[in-house]
Amino acid sequence: MDKIKLSIVTPTGPIFNGDVKTVTLPGKEGEFGVLPGHSSLVSTLTVGVIVIELENTTEAVAINWGHVKVDEKSVDVLADGAIALTSGKDSEIAKNIEAAKELVNSVKDSNVSMAAVEARINSFA
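With the numbering used here, the residue at position 22 of the sequence shown is 22, and numbering never jumps.
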């Protein structure tokens, strides 16, 4: 199966870098998925969860806001703040989920339902 290169970077460094099957992003106009061969686009991202589908697992990264550049072979996310939700030991994941809740609650955007974002974060617990 074809894969697409995903890179998620914050001002403090990289969060994710690798080949994925699909990625779902929290766009300003709503969530959208990207598959290999996707049309080129640039979009603003809003507070939410990036869902990353790998070969045998799913990973997730909470972000507060950012931008994405998509082309046929790669997805490059520049996020102001991001926290990996599903990597590490159980105690690290629980700590990351709490940190992600704090990150998303720091955003004051009336267009985003914080309850929906927190529910999405909790689904990875």
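Among the hints, erroneous ones may be present.
[As the list claims (entries may be wrong)] For lysine-lysine, the following DSSO-like pairs were computed, each having C-alpha atoms within a straight-line distance of at most 27 Å:
#1 K21 - K5
#2 K73 - K95
#3 K69 - K28
#4 K28 - K3
#5 K21 - K3
#6 K3 - K95
#7 K69 - K21
#8 K101 - K73
#9 K73 - K5
#10 K3 - K101
#11 K73 - K21
#12 K69 - K5
#13 K69 - K101
#14 K3 - K73
No lab work stands behind these hints, which were simulated from the structure alone.
Hints that the structure is at odds with (numbers, increasing):
2, 6, 8, 10
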